[in-house]
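Chains as they are written, first to last, in this note's numbering: chain A, 1 to 584; chain B, 1 to 581.
Incorrect hints may have been included.
Per the computed footprint, the stretches of chain A lying under chain B, defined by three or more beta-carbons under 8 Å from a beta-carbon of chain B, are [unchecked claim]:
no.: 1; stretch: 20-29
no.: 2; stretch: 56-70
no.: 3; stretch: 213-219
Worth flagging that the hints you see were computed from the coordinates, not collected in a lab.
Note that CB positions come from ideal geometry on N, CA and C, so glycine has one too.
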Amino acid sequence: MKNRNVKSDGVIKRIIALVSPYRIQLVFSLVFASAYVALSLFAPIVSGKAVDAMVTKNTVDFDAVFRYAVIYSCVVAGASLCQWLMTHLTNIITYKTVLKLRKDLFAKITDLSVGYIDSHAHGDILSRVINDVEQLSDGLLMGFSQLFTGILTIVATIGFMISINIPIALVVVVFTPLSLFVASFIAKNTYSMFKKQSEIRGDMTSLIEESVGGAKTVNVFGKADDTAEKIARTGEELRKCGVKALFFSSITNPATRFVNNAVYAAVAILGAFSAIKGGGITVGQLSSFLMYANQYTKPFNEISGVIAEFVGAKASAERIFNLLDEKSVESSLSGEILPENVRHIDFASVSFSYSPEKPLIEDFCLSVPYGKMIAIVGPTGCGKTTLINLLLRFYDVNSGEIRLGGVPVKELELNALRRNFGMVLQDTWLKNGTVAENIAYGRKNATREEIVAAAVRAHADSFISSLENGYDTVIKEDGDNLSQGQKQMLCISRVMLSLPPMLILDEATSSIDTLTELRIRNAFDEMTEGRTSFVVAHRLSTITKADLVLVMKSGKIVEKGTHTELLKAGGFYKTLYESQFETE
Amino acid sequence: MICICEKRDSDMIKLLRYLKGHRAESILGPLFKFLEACFELAVPVIVANMIDVGIKNGDTDYVLMCGGIVVLMGLLGFVSAITAQYFAAKASMAFGTELRNDLYRHISSFSSSELDRFGTSSLITRLGADVIQTQAGINLILRLLLRSPFIVIGAVIASFLINVRLALIFVGAVIFLSATVWIIMRKLLPLYTKTRKNLDGITVKTRENLTGARVVRSFAAQESEKEEFDAAADGLYTSQIVSGKISALLNPLSYSVINLAAASLMWYGAFSVNIGEVTQGQIIALLNYMTQILIALLALANLIVMITKSTSSAARINEVFAVSPSLEDGKEALGEVEKIEFKNVSYKYPGASGYSVKDISFTAKRGMTVGIVGSTGSGKSTVASLLLRETDPTEGTVEINGRRLKDYTFQSIRSAFAAVPQKASLFSGTVRENLLWRDKNATDEELFAALKTAMASEFIGNDLDRQVAKAGTNFSGGQRQRLTIARALVGRSDVLLLDDSASALDYATDAALRKAISSLPGNKTVFIVSQRISAVKNADMIIVLDEGRLAGTGTHGELLDSCPVYAEICASQTSEVRNEK
C-alpha cells in the first residue's frame, strides 16, 4: 500500500479540485487582495505628497494638504475593507475545505477494513485527520493567499519606488534581502543546539513518564527524593542546552532588524544627497521611500515562511490523499438481507493467512447448526481471534467460503451480517460518553428501564449505581475512572441489551476475578441458551459444556471434537489440558 | 491588556515566584529591552534633523553624520536586544527547571487518592508539556511583553517633546487603538478556547473509531458514528468561521484607526508648520511614530494569543499545586512489627458516593501469613494501600503494636514493610539499581538470594548489570512481576505484602514462589492479596471481602463451612483447587 503514492502533480490537481467549488470566492479574494496591496502601498505616496505641501513657515498649501488628507483617509479605509474581505473569504474557503476533508477522512476510516486499521499505527491515521489537514489548510490555502499578497507587495513596492527614484530603489532592492541570509544563517547554526535540546527533552519525557507512572511504587519504597534528584539532574542538563538554543535562535529578529536599520540609513543618506544636489527627489518622496524601506522585508519573511510550509503541506496532502484512496471494504449493499431463522453456519474449505509467507488456516471445514456452543482453545497467541475475524468479515477468506444459512457471507449485506452477532472481546472498548449511552450502543432507542435491566443481568448494575452519577457517569476517553473488570462488565451489558442470535465471547479472565466471572458466566449461560456461540475458552467448565471444541496451535486448527473425544484421542489437546488444568 | 484574561493571568502570576531566585535576570532582561526601544525611537528624530538641517542647508557632512548615528543606534539596539534575550533565556529556563523540580516534589508527596484523582497521563502532561509551555510563556513575557508598551509610551512621549498639540492626536490614537485591540481580543480569546475544545472533540472521536474499529463494526454503528463526527466537525467549522471573522477585523481596524490619526496629523500638522511651530522633518518623524505604534500594538495582540496558551498550561499546573497531600508524616519511629490491627476501618474515595471498604476489623500477629481474597471491586487493594499508609482510613484506625499507623514516620514504615505492588513497575537503569531500592548497601550475594527466592534467577542469571528499559518494557509481564518481588525481598523487613503480584505467573511458578517465600528466614508477617484460592489456601488466616465488607475470616477449612462467599469463590475455581495437593 505504501508505494502507491499519489503523484506530485496529481496532488496539486486534487487540491485544486478540492477548492474548485469555491472558485468565485477565490477570484473575489484575489481581487480584494490586489486592491488591498495597491491601496496600502499607495498610502505612503499620498502622505509624501501631503508632506511636500507643507515645506516651511507661511508657505503651506492648505488646499493640497486637505485634499491629500482626504484621499489618504479614503485609501486607508478602502485598504482596510479589502483586507477584511480578503481574509474572510480565504477563511471560508479554507475552513470549508478542511471540513469536507475531515468528513471524508472519517467516513473513510469507518469504511476501511479492520485489517488496514490493525496493520497501521493509529497515531499515524489520527495525525492525518487532525495535523495533516491543519498543515494543509495553513500551508497551502492560507499560504497561497500570503504568497499572492507577498509577491504582489514586492512587485508593487519596487514599481512605486522606481517611479520615484531608480538609484535609491536599487539600494533597497539589492540590500534588503541580506536580512534573509542573516536569518537563514542563524537558523542553520542553531539547528544542532535544537537537536540536542529535543534529545534531552526526550530523556526528560521518559523519565517523567516512568516516575509518575510508577508514583505509587516510588512512594511505597520511599524513593521520592532519589527520583526528584534524577529529574533535577536531567533538568539541569536541559536548562544548560536550552539557554543556548533559546538565546542563539532569538538573535534572528534583532539581527534582521539591524540589517534593515542599515538599509534605512543608506536610503536616508542617498535620499538626502540627491535632494541636496537637486537629484529630483522631494522631502515627501524621501519620506515615502523610508516607509517602503521599513516594510520591504516583511513580504520576504512571509514568503520564505510560506515556502517552507509548502513542502510540509504538500507532504501532508499526499498523506491525506493516500488514506482517502485506500480501498474500502466491499459491502454488497444490494446483497441479500439475512433471512430470519436461517442461521446455520458453514465453513467450506476456508483458507486464510495474514501474510502469504505464513499460511494459517488451510482447507478448514466446519458446519455449525444453530444453537450450538463452539469452544476455541489453544495456547496464548495461537490465533484464536482469527476465526472471529473471518466470521464477522473483519478479514476476508483467501479461498473457500463461509456461509450463513447457505448464503456466502460475501453476498450478504455487511451490516446485516454483523448485526446477527454479539461480541464481547478481551479488549474492552468503550466510547466517550455516559454509561447509559455505552450500554445502548447497539440499540440507540432503548429505554432507561431496558438499559438497567441489561446491566442487572450482566451483574453490572451494583457497581454502576455506586458511581458518582450512576448511569449518567461520563466515561473518560482513557476510561481512567473504571477498572478493567468494570469496563468488561459494561461491554457485556452492551451485548445483553441487543442480544443478537449469535454470540462471540472472549472469556477475558485476565481482568475479572473468578467470582465475578462465575456470575457473568451465569449471565453468559442465559445469553447463549438457544443461540449459537463461539467462545474463546480459558476455563475448563466452558470447554466441557461445549458442543464442539476447536483446538488451535500456531494459527492452525489442529484438532476438533468434544472434550471427552479429544481427551481420548490423546493428542495436542490432552497435553494442553494437562499443562493448563492439571499441573498444579 | 493584562486584564483581558484576568483569571488565567493570575495563574501565570502565581507561578512567577519561580523567578525570585533570578531577580537580576528578570529585571535586566526587560531593562535592556527598554534600552532597545529607546534606540529605536531615536531614529525618526535623527532623520527629522537630517531633513530639517542637512537637506535645508545642503550640509552633506551633517547628513552623513546623521546617517552614521542611525546605524550606531541600530547597532546599540542590536546589542541591547541580544543582551535582553540572553537574560530572558537564562531566567525562563531556570524558571522551567525549578518549576518542574518543585512540581515533581509536590506530586511525589501525593497519596494514592490524589494520584488517582488526577490520573497518571494527566500528571505526565502537566509535568512535561505544560511546564515547557509555561516556560516558553515566561520567556515571551520577559522578552516581548514590555517591548510594545515601551514603544507605544515612548512614541507618545517623543511626540510630546516635538509638539504638545499634535501629541494630543497621539494620545487619542493610542486610546482608540488600545480599545479596539482590547475589545477584539476579549471576544476572541474565549472563542479560541472553544475552537480548541471542538478540535479535541474530533480528535477523541477519530481515535475512538480506530481503537474500537471492531466494536463499531460489530454493532453496525458506522452511520451513527459518522453523524456524530460530522456534528463535531460542523461545530468546529462554525467556531472557526466566527473566530476567523473577528480576528480578521484586528488588522484592518487597527490600520484604519492609526492612519485616520495620521490623516488628521497631516491636517493639523499643516497649521503647525505654517506658523513655524513644527518643521517638515518633524512631521515625517511623527508619521513614522504612528506606524511604530501600530506595529507594536499588533505584535502585542499576537503575543497575548501566544501567552494565553501558556496561561492554560499554568492553570493546569496550579491545579496540581492547589491540592495538598492528604497525608502528614508521623513522628514515632516504628520498631519491629509485632501486631497489626484494623479497627472498624472504612474508606471512601474522595467524591465517591459509596464506601470502597466498610467496617473492616482483623488482627495479624507477627509471623502469620494472611490471605486477602475477594472479587473485583471487593476492596482488596484498598486494604493493601491502607496497610502501607498510601492513604488514611475515612473512619476507624489501622494500628501497629497498639499505636496508630499515622503516628509513625513514613521512613520507618517503609523500611518495616516490603511491598510488591499490583502494577509491576520497574525503572530504567540496571537490574542492580532496581534491586537496591530498599537497601542501598545490599551485597550482590543478597541480591542473588532475592532473585532466587523470586524465581527470577532463571532469566537474570548472574547479570545484575542487565539494562532495564523505561518502565521495564524489555521484560515480559511475568518477568517484571518476579523482579518486583525480588526487589521487595532485598533488605530487612518485618512485613511482606504481595498485592496480586503473581497474576502473570503460571500456576507452577506461583506455587514454587509461595513455597520459597514461606521458607524465608526471619519471622515475617506475610500478606497475600489474590484472586486465586490456591494462593491463600494455606494461610494462617484468610480475610474474605465482598463488596467492601468483611465476609469472613478464618482458615481455609473454617471458611469453607462458615463463609458462603468463600465457598462460592472456591467452587468457581474447583478445577484448580481440586488438583492441588
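Against the structure, the hints:
Counting residues of the stretch 20-29 of chain A whose CB falls under 8 Å from any CB of chain B gives 0; the rule of at least 3 is not met. Judged by the Cβ-Cβ criterion of 8 Å, the stretch 56-70 of chain A is covered by chain B as claimed, because 11 of its residues qualify and three suffice. Beta-carbon proximity to chain B at under 8 Å applies to 7 residues in the stretch 213-219 of chain A; the threshold of 3 is reached and the given coverage holds.
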